[in-house]
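Heads up: the protein sequence lines correspond to chains A and B, in order. Position 268 of the first sequence, counting from 1, maps to 271 under the working numbering, and the rest follow consecutively. Position 94 of the second sequence, counting from 1, maps to 134 under the working numbering, and the rest follow consecutively.
Certain hints may be false.
[Said to hold, decoys possible] Below are the EDC-like pairs computed for lysine to aspartate or glutamate, each with C-alpha atoms no more than 20 angstroms apart in a straight line: (1) 163/B <-> 87/A; (2) 248/A <-> 213/B; (3) 343/B <-> 295/A; (4) 343/B <-> 289/A; (5) 250/A <-> 290/A; (6) 248/A <-> 268/A; (7) 333/B <-> 315/A.
Because the hints were derived from the structure by calculation, they are not lab data. Here the structure is a predicted model, which means the values were calculated and not measured.
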Amino acid sequence: MSRKIERLINLTIALLATQRYLTKSEIFRTVQGYEGSAETKERMFERDKDDLRTLGITIDVGSFDPIFNDEAGYRIRSENYQLDLGEITPTEISLLSLAADAWQGAAFADATQSAILKLSSIGVPADPIDIPGLSPKLSNSSADLETVTAAIASSDFLIFDYLATNLESQERTIIPFALSNRTGFWYVSGVDQEIQEVRTFRLDRVQGVIKQAKNKDPFEFPASFELSEADTRVSNRSAVIDVRKGKGYALRRLAISVKDLGEWDQIKVPIHTLETLGAEILWHGEDVFVHEPAELREYIVKQLQALVNNHE
Amino acid sequence: MSKSISAPLARTARLLDLVPYINTHQGIALKELAQHFEVTPAQMNADLMTLWMCGLPGYTHLELMNLDFESGFVSIGNASTLSKPRAITFQECVALLLGLDLIASSLPSDRQDLLTAAESLRKRLTEILGLPIKLFVEAGTSGVVATAIAQAIETNSGLKIRYHSLYKDQVTERTVVPVNLYESDNHQYMRAFCSTAMDYREFRVDRIDQATPADVFAEFPAKIDSTEKLSFSIKIMGSSRDVAERFAISHSTIGSSIELSSYSRQWIERSVMASGEAVLLSAPQEIRAEIAKKAQLMLNRYKEA
Numbered sequence: 004m005s006r007k008i009e010r011l012i013n014l015t016i017a018l019l020a021t022q023r024y025l026t027k028s029e030i031f032r033t034v035q036g037y038e039g040s041a042e043t044k045e046r047m048f049e050r051d052k053d054d055l056r057t058l059g060i061t062i063d064v065g066s067f068d069p070i071f072n073d074e075a076g077y078r079i080r081s082e083n084y085q086l087d088l089g090e091i092t093p094t095e096i097s098l099l100s101l102a103a104d105a106w107q108g109a110a111f112a113d114a115t116q117s118a119i120l121k122l123s124s125i126g127v128p129a130d131p132i133d134i135p136g137l138s139p140k141l142s143n144s145s146a147d148l149e150t151v152t153a154a155i156a157s158s159d160f161l162i163f164d165y166l167a168t169n170l171e172s173q174e175r176t177i178i179p180f181a182l183s184n185r186t187g188f189w190y191v192s193g194v195d196q197e198i199q200e201v202r203t204f205r206l207d208r209v210q211g212v213i214k215q216a217k218n219k220d221p222f223e224f225p226a227s228f229e230l231s232e233a234d235t236r237v238s239n240r241s242a243v244i245d246v247r248k249g250k251g252y253a254l255r256r257l258a259i260s261v262k263d264l265g266e267w268d269q270i271k272v273p274i275h276t277l278e279t280l281g282a283e284i285l286w287h288g289e290d291v292f293v294h295e296p297a298e299l300r301e302y303i304v305k306q307l308q309a310l311v312n313n314h315e
Numbered sequence: 041m042s043k044s045i046s047a048p049l050a051r052t053a054r055l056l057d058l059v060p061y062i063n064t065h066q067g068i069a070l071k072e073l074a075q076h077f078e079v080t081p082a083q084m085n086a087d088l089m090t091l092w093m094c095g096l097p098g099y100t101h102l103e104l105m106n107l108d109f110e111s112g113f114v115s116i117g118n119a120s121t122l123s124k125p126r127a128i129t130f131q132e133c134v135a136l137l138l139g140l141d142l143i144a145s146s147l148p149s150d151r152q153d154l155l156t157a158a159e160s161l162r163k164r165l166t167e168i169l170g171l172p173i174k175l176f177v178e179a180g181t182s183g184v185v186a187t188a189i190a191q192a193i194e195t196n197s198g199l200k201i202r203y204h205s206l207y208k209d210q211v212t213e214r215t216v217v218p219v220n221l222y223e224s225d226n227h228q229y230m231r232a233f234c235s236t237a238m239d240y241r242e243f244r245v246d247r248i249d250q251a252t253p254a255d256v257f258a259e260f261p262a263k264i265d266s267t268e269k270l271s272f273s274i275k276i277m278g279s280s281r282d283v284a285e286r287f288a289i290s291h292s293t294i295g296s297s298i299e300l301s302s303y304s305r306q307w308i309e310r311s312v313m314a315s316g317e318a319v320l321l322s323a324p325q326e327i328r329a330e331i332a333k334k335a336q337l338m339l340n341r342y343k344e345a
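So here's chain B without its partners, still in its complex pose (with noise of 0.2 angstroms):
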């Protein structure tokens, strides 16, 4: 596969890549064909020359190409044997069926007709594949959230969204003002100014089930890094891939202590209960004091029952 392929290979592709180019725009500005292979000018003048040497075996006229660029427009002749566009790869044909795959999934239900075209294409690839290979992306977030989100940013508009935070495991609808959206561990995040917080929160795309313009009257102000963070320590008790997963920690070795800090009091309280056994949290009091009064509580109830 093409992992890293030598300049004088990349350069015989574009020489192949550029004859069906050529044919089917014929008379197209030299800049604007060299913009289109993204080289300079002077290379793709240089591209043209290489290419105007060649042509089947006899290479007299009859055989060569016949390229005219002179005029600083490019228009070529017989060239039939590689007039036609090159074959995609095996690599090149997966990651557009996993590109298509995510754009099917991101397209609004009603839009018949790109889902209808998309399933066409995705056919038409996974034949050329050749091999019954399974390839499935699904996108996270809705494609209707999506562009909704993406229409507020440009337009710096406000949304109203209905939102499931995980750590308070509640359901609220708000308006924000979308500022920008991010990736982070694998997940895809919106900073938005809140107008039931009156303040920046960020919010995770996924966990928006319904994204609708609304008018926000409210001025907000440029960011104060108001919430502050809270520090914590817990001891590992038990090996587990989940609970290196779920405090982000690489290194854990049974017995260890480790320094964390999070924003949210209830992820840590929720955390360290999902941890069950493999994890004691050292400090702070206050929350250790309200896990064991909790776990206390609900071993009663499966006691009792």
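So here's chain A without its partners, still in its complex pose (with noise of 0.2 angstroms):
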């Protein structure tokens, strides 16, 4: 096993200090370790090739020479093969050893740690940030953000069973190109190729395992999308709402205006679906009255028709 692990690092070495492609007949020639028949040879070297890409290391194809033009040649380019992260600081060093703590346990966890590793490398001291007890940890709802993120990589197709709001689950296939956390779950936002628009999901909706499957064509990168379009505090509709003095926090958190009417406050806060809303105004119950839009309050009157028929 060692002997190829030296030949490994001596393609990379011979990749990355020459000026110029070297082709497949100059690697047998010169680096160590290619032995046998040229069908071996020719194995070996493929097999390490992709062993240097699983590495994350970019081996460029080309050649220049046009005494060559009909053979490939091979090189690593040092600006690829390098960290650049121009000049970093003590402080850095401890945000980025926070950033990667807070996978601890999750997803990311050797990822993260991989890079720190190669990070400590350049030699920078971490200094200590003196806040204590910062040590905030990414939720893990999902072990499928290494799949996500190979597809964001490349712009490739994810394809997943999704639950609706009814229960159903719906096949999606999505070119994803955008992920976040917040209040604790994950989101996959990405063109969904039936409709051809943008939408998110959340990931602990998937039902089984989300799939990677390979996009040829070039994707165009959605320009005005902004993640807090898929946050359902933005909407264009809106309601006009009662909430008792000293009740509703929650819908207080939504609201956009407040006019204060003594022993209630009325308050304005957007529809995202009216289930959504619904079910939040409800949970309330005495402490809340809608006003605005009529469909709402008729949604509000036929779910409390429909509880005193199923309680009495």
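Please assemble the complex out of the two chains, which come individually in their own frames, going by the hints.
Structure (structure tokens):
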């Protein structure tokens, strides 16, 4: 095994040190470890290239030498191989360590530790941040984050079964380009291939495993999309409701405007869907009363009537 | 991506990372080096032996790396090709950016120095990504509250908190002694002895909007499980994802009856109300009656208006 490792290291050094593309025959002739028949060497080299790519090393394929223009050449560009974060300060090193620690026990714990190992080679010591107890953690609601990230990197398709609001499972195919975490849940946003529009999905509502499939076509990143649009708080419809003083804190947090009515406050809240806002209003019982729109009032009245019928 | 790289590949990665690390830590003790790379000293010795055989084509002493580790201290020379740290991968970069976003949103707003440093790092890491993708993390908890809780747990001291109880729909101030933090259903909770209730209580951390150190005089007892869970049963009347998530039930076909329990009567009542036509509470009878009465009163108000 250690011969293979030696060969991989020697190949990396040779491809990095060269100022021009090295042809396969040059590599076989000069890099230590390529032995056996032509076919064996060929197979070895193909596997070695795959292995280096798995390690995140980019190998350029090309040929600028007219003599060899029918033979592919290989090299690793140092700007692709080397970390380039510019000048880095001891405080920044500490922030990055905290960022890595946020993944403790979660999906990207290994990835961040390997990044920190690389960063430690810069030789800049960490300057501990003087805020005791500052160690927020990212929740691990999904084991699929690696697949999602891989698909984002190559604009591939993600295919999954998603639980709709009516509890039906629907197959969705998206090209993902955003990943977010709010109030403890992971969300992926992407262009839904069926409707060609941006949609956001909560990862814990995915049924089963997320699959990745190769996308060969170029992908145009939606330019105008902001993650806040995925937020339920943004909507162009709003409701006018009364909330009893000292009550309805969860609704008050959503309020766009507040008017003091004495015993009550009148607030305006955005409507994302009638069902979500309706549930929030019903949760608060007699402490909330809906004025507008009529559609929301009718929805609430219908739910109340059902509650009376069901529980009398 | 590096989902599960094989042992030889992991070792190759380690060897590549060893070169720049030794380069900036010349003369480091072999033991310490092994510790940093999380391997045994024997494994580190083997790694260095392998590395010692590597270099530029030619492979005479002129091209091989110059490694010295026999003395138990490690130094390296003639290794300029590999001397810079390796670039971080796309996945590593995404992971760091998300983590950094969480840290930045947890920082107290008066730490402009750290916020600026985090922003500068974010810019540079985003450049490395090279794609116009969006990443965003919003900490559920304010940095000040999280810090105050962590400090109180560490020093076993009291905290005055302002807490929004969702079930009671009340904001109260109480003095507590935090015991520990834990995560459940994607939310962070604080277990604490509450001197208002004179008992242990669980608080959802994102509903604490203020926390300041406070003296606590009362002696508090070891945990006695005083609250008993209340059983209730519901019948599913409509398919709704909200209902499934609210009651944390995975199978909820229409018409099925489900037995559940909760510590809070208010939670049961409010959850059934919020579910509207999709849920029927079959027991206990007192809560059923309460729901029917409340819904009727509210209905009357809508009809009058």
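Consistency of the hints with the structure:
no.: 1; hint: 163/B <-> 87/A; verdict: 12 angstroms, holds
no.: 2; hint: 248/A <-> 213/B; verdict: 17 angstroms, holds
no.: 3; hint: 343/B <-> 295/A; verdict: 14 angstroms, holds
no.: 4; hint: 343/B <-> 289/A; verdict: 14 angstroms, holds
no.: 5; hint: 250/A <-> 290/A; verdict: 7 angstroms, holds
no.: 6; hint: 248/A <-> 268/A; verdict: 6 angstroms, holds
no.: 7; hint: 333/B <-> 315/A; verdict: 8 angstroms, holds
Hint violations for this structure: none, all hints satisfied.
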